[in-house]
Amino acid sequence: MSTIWRMSRRSLLGSTAALGSTLILPGKAPAQGGAKPFAGTTLNISSWSAPYAKWLQEYLPEFTELTGIEVNYDTPGFAVYNQQVDLELSTGGSAYDVANITFIYTSRWIGAGWFTPLDDFYNDPNKTPDEFDAADFLNGTQLPMRDAEGRTYGFSWVADAMHAGASRFDIMEEAGFGMPKSFDELMAMVPEIHKVKGVSAFTAENHHGWIFPPIMQAFGGNVFVDPPHNIMPALDTPEVHEASRWYVDLQNNYGPDGWLAQTYDQTVNVLKQGRANYCLFNQPFLMQMGAPDSKTKETCAFAMYPEGPKGKFPGLAVHGWGIPTGARNKDASWEFIKWAVGKDLMMRMLEEKGYGAVTRRSVIESPKFKEVNMVNGYDVGDIYLRTIGLAEQGHMAYRTVHVYPQANAQINKAIEMIASGQATPEEAWRQAQENAIADIRRAGVDL
Amino acid sequence: MASAAITSWDRQRRRAFFWGLFPALAVLAVITVAPAVYLVVTSLTPLNLTNPVQTGLDFSDPLRNYREAIADYRFRNSVWVQVKLSLATVVAQVLIGLGLALLLNARSKLLEAIRTAFLIPMVLPPIVVALIWKIIYSPDVSPMHRLLEFVGFPVRSLITQADTALWAIAVADTWEWFPFTMLIILASLQMVPDEPLEAAKIDGATSYQSFWYVVLPYIQPAIIVAALFRLIDSVKAFPLIYVLTNGGPGQVTEVTNYFAFVQAFNFSYWGYASAIATMLVAGVFLLSWLLRRLDQAGQRDE
Numbered sequence: 085m086s087t088i089w090r091m092s093r094r095s096l097l098g099s100t101a102a103l104g105s106t107l108i109l110p111g112k113a114p115a116q117g118g119a120k121p122f123a124g125t126t127l128n129i130s131s132w133s134a135p136y137a138k139w140l141q142e143y144l145p146e147f148t149e150l151t152g153i154e155v156n157y158d159t160p161g162f163a164v165y166n167q168q169v170d171l172e173l174s175t176g177g178s179a180y181d182v183a184n185i186t187f188i189y190t191s192r193w194i195g196a197g198w199f200t201p202l203d204d205f206y207n208d209p210n211k212t213p214d215e216f217d218a219a220d221f222l223n224g225t226q227l228p229m230r231d232a233e234g235r236t237y238g239f240s241w242v243a244d245a246m247h248a249g250a251s252r253f254d255i256m257e258e259a260g261f262g263m264p265k266s267f268d269e270l271m272a273m274v275p276e277i278h279k280v281k282g283v284s285a286f287t288a289e290n291h292h293g294w295i296f297p298p299i300m301q302a303f304g305g306n307v308f309v310d311p312p313h314n315i316m317p318a319l320d321t322p323e324v325h326e327a328s329r330w331y332v333d334l335q336n337n338y339g340p341d342g343w344l345a346q347t348y349d350q351t352v353n354v355l356k357q358g359r360a361n362y363c364l365f366n367q368p369f370l371m372q373m374g375a376p377d378s379k380t381k382e383t384c385a386f387a388m389y390p391e392g393p394k395g396k397f398p399g400l401a402v403h404g405w406g407i408p409t410g411a412r413n414k415d416a417s418w419e420f421i422k423w424a425v426g427k428d429l430m431m432r433m434l435e436e437k438g439y440g441a442v443t444r445r446s447v448i449e450s451p452k453f454k455e456v457n458m459v460n461g462y463d464v465g466d467i468y469l470r471t472i473g474l475a476e477q478g479h480m481a482y483r484t485v486h487v488y489p490q491a492n493a494q495i496n497k498a499i500e501m502i503a504s505g506q507a508t509p510e511e512a513w514r515q516a517q518e519n520a521i522a523d524i525r526r527a528g529v530d531l
Numbered sequence: 002m003a004s005a006a007i008t009s010w011d012r013q014r015r016r017a018f019f020w021g022l023f024p025a026l027a028v029l030a031v032i033t034v035a036p037a038v039y040l041v042v043t044s045l046t047p048l049n050l051t052n053p054v055q056t057g058l059d060f061s062d063p064l065r066n067y068r069e070a071i072a073d074y075r076f077r078n079s080v081w082v083q084v085k086l087s088l089a090t091v092v093a094q095v096l097i098g099l100g101l102a103l104l105l106n107a108r109s110k111l112l113e114a115i116r117t118a119f120l121i122p123m124v125l126p127p128i129v130v131a132l133i134w135k136i137i138y139s140p141d142v143s144p145m146h147r148l149l150e151f152v153g154f155p156v157r158s159l160i161t162q163a164d165t166a167l168w169a170i171a172v173a174d175t176w177e178w179f180p181f182t183m184l185i186i187l188a189s190l191q192m193v194p195d196e197p198l199e200a201a202k203i204d205g206a207t208s209y210q211s212f213w214y215v216v217l218p219y220i221q222p223a224i225i226v227a228a229l230f231r232l233i234d235s236v237k238a239f240p241l242i243y244v245l246t247n248g249g250p251g252q253v254t255e256v257t258n259y260f261a262f263v264q265a266f267n268f269s270y271w272g273y274a275s276a277i278a279t280m281l282v283a284g285v286f287l288l289s290w291l292l293r294r295l296d297q298a299g300q301r302d303e
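Chains as they are written, first to last, in the numbering used here: chain A, 85 to 531; chain B, 2 to 303.
There could be a bad hint or two in this list.
Short derived list, chain A residues pointing at chain B, Cβ under 7 angstroms [claimed, not checked]: (1) A196; (2) L344; (3) R526; (4) D530.
Just so you know, the hints here were simulated from the structure itself, not pulled from any lab data. We put the beta carbon where it would ideally sit given N, CA and C, even for glycine.
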């Protein structure tokens, strides 16, 4: 086992220890005996269109064969999914039997009682076999799925860690650069490689509420004053002004034209086609540069998120399957969750789809994880583990604040206004701060 | 006695009309009036779906949402954006529709085929129209951008520039709906009698004079109806904005219904969003009434 690998494991263990440990005792295995007690049941299941969610669709016939449960499954885009499910959950509707618990909505959806506690399911030996092993999930990925009393409402299927990737590392090498380790190195590199062979030097998706906070934090700012304890927005600060100036300069001068409208799926395509080079993006998306249909599979490179003046704060999001309170057949829903995040399927998705952002310790510690996460000679698995290790800084706390969606909307608007020249950073963030406070107060929060 | 019989007959007739109309009125009340009443009632509460029990029945400050909306720069801006978008699209759609209707107002199989082809944008699902324009406006994959670059006139992404984004939406909306105005005006043109046109020709009128003094007065009511329909419908310009710009960059393309949508669907502020929607509906009613009055005044003058 390599030194890097040992370091990664230490990092992983360190992070999970820092986040706290959970004692979950799995019960006895139920007698399956080939019986299909839910045969004929139909489940409505939805998640946003993440790579995992789309790959999972290919395995659904196996679930139906195994349990006799039919599945209506859909994977709309991120924003559409969140709007649809938020509305459905808020009305106590029964349209969904299983739904993804989106990271930025974990606090809101779980806190409002819109999801079902799963403790009685996974602790019941008649419903859950020992092999499910709830304690096998990384504690850090399960924390957002719990309420203040420690009840579990979801099981995570992804730890969406933000990495750096390059689709045309050959261009960077020819210009004498490696993967930048810092924001300064990045800024020094982009003028030298921009439009070389027609490739834009930099790109990122237009969900600024996801891409920008790590930059904001790297300059010493944050979304809230001291999340989750003090949730007064902290958008109008010199650090945030400086960070936005840096980011908008980077995108406007070295990003592709139209970057403000470039969604995550478009960004993946841009990278796979090699039309833009260096990117700060989620691991499952970046990994697609190494896919067989990618034009950049032999020129791509991966690295840790670069360090800013105040440190390194890559985004880390967790999404998990849960059962809405209004679901009509919760036992059948639980059958799906057990299967979808079971050890077997997660391992198979790792092997067969190259799914590397897994959440089970047993899968991460398997030799296959390292093997699959070697992409074009880069140990992406190690980058992934070291990124998760950075979670112990607690920098992702801002994202679990129940009124984060309000701040998220203002961050998106502010970046757009600065990038399109409608406002200076000072003007845009002052307006964002005022709007965020007004929107959060409308939710009944005393600031 | 005769008068009493007439009154009785009249009463019976009214009753028959009422019961004949009753099923339709009942359906209308259920699907239109009841939701509208609910909308107005909701707008008087701070209803937030994360806490519906406490907020849904709180009528302690019923005008709070309205006060906050009027004081909210984003709401006022969204109304101004809506006004600009509506004026631009309605004027463009009427002018293009009129021009094409005049060109296509003749009997020939070729022109019939062209007319049918022009109707395609209008019958496409709005989301498909939005996706077509998303491709056209994405520099990365856009045939328009590639063509302009090829001929030496490269342009930057139109939907991400503050000074072009709204007009890019207006162009897409005009493309989608000019067939509607064209169709109405064309139908009206085909009703213009030949005699006055022949008389004008004998009197030596030019084509322009024939159009201005003979044809236009005939088709004017149709133009006004088409414009009115489009004006009311322009308030619903949602799919294009949702797919192309999300109301951005910043708030440049954030029309009022999109702003209400964000408040309701992103933040669950249904009371606030209902107040915005109520004001929007009131505005559309007011506009329709005003235009109708103007039209009636015009007809009286004639």
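Which numbered conditions among the earlier hints are violated in the structure presented, ordered from lowest to highest? 4
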